[in-house]
Amino acid sequence: MTASVYWQAFGQDLAQGSDLVLIHGWGMNGAVWQHLVPQLEEQYRVHVVDMPGYGYSAGVKAQSVEAMADALLASAPARAVWLGWSLGGLIAKQAALQAPERVSKLITVASSPRFAAMDSWRGIRPQVLSDFQQQLSDDFSLTVERFMALQAMGSPSARQDIRLLKQAVLSRPQPSPDALAAGLDMLAEVDLRQQLGQIQQPWLRLYGRLDGLVPVKVASDMDKLAPQSEKVVFPQASHAPFISHPQDFLQSLQVFIEGNASAALATESTEILK
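For the sequence shown, counting from 1, position 220 maps to 220 in the working numbering; every step adds exactly one.
Everything hinted at is true.
Lysine to aspartate or glutamate pairs mimicking DMTMM-like chemistry, simulated, CA-CA at most 20 Å apart: (1) K224 <-> D191; (2) K166 <-> D139; (3) K61 <-> E189; (4) K105 <-> E230.
Since the hints were derived computationally from the structure, they do not count as laboratory data.
Using the sequences provided together with the hints, build the complete structure.
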């Protein structure tokens, strides 16, 4: 029997709410969203996925960003707002490119079209990703834990952020080593910068100013690559703003999904980047 991608659905009794797909990042699983779901399901039909190779989808294989997007599109709602965090944001962008009719709006959180630094492009140093690849074969649990620490680094609530991320990871089956290795390959090699102009859906980009994995200046670089998109920068957040600043995060989502312009947020994010 072929393994299938694991989904959870919340808020299904709300006939008028938008469908909202939530995609986690590398080494994580869908439980990272559990503290937001009670508030989200009051307004939206929320669909939380364990990506192929992760959590309850550990038996599903998808070795490329295209295969990941295909696996999610196969059982995702017919049309939904797609929100992806970190590596999940890369998958959400790919889905928007592959099946634009399925993605009504796009939200990327602490994500980049190319995660690895290259020439003048800011990102994760290739040596860091290479070290993680090597460490995976030695102790993949410790490697994921180190990555969690990197994600929280810089956040004023780093210790609490790590604790919440760790609780989420440990609440479900461990990711498969193959999926972790493939995910690191995606972070090291995938480059969607030249395709961003093809994304025509309304697109919100969310960043943490203190993020050590997706440097905040990527936000301004993205203004040139994707001028059709909007951005918000959380001044005190790192790589997981939905954990460190959940109310600000939820407010930004609501403003965007419901289609209301927010001059205050736009002005704030511009000032932060100066």
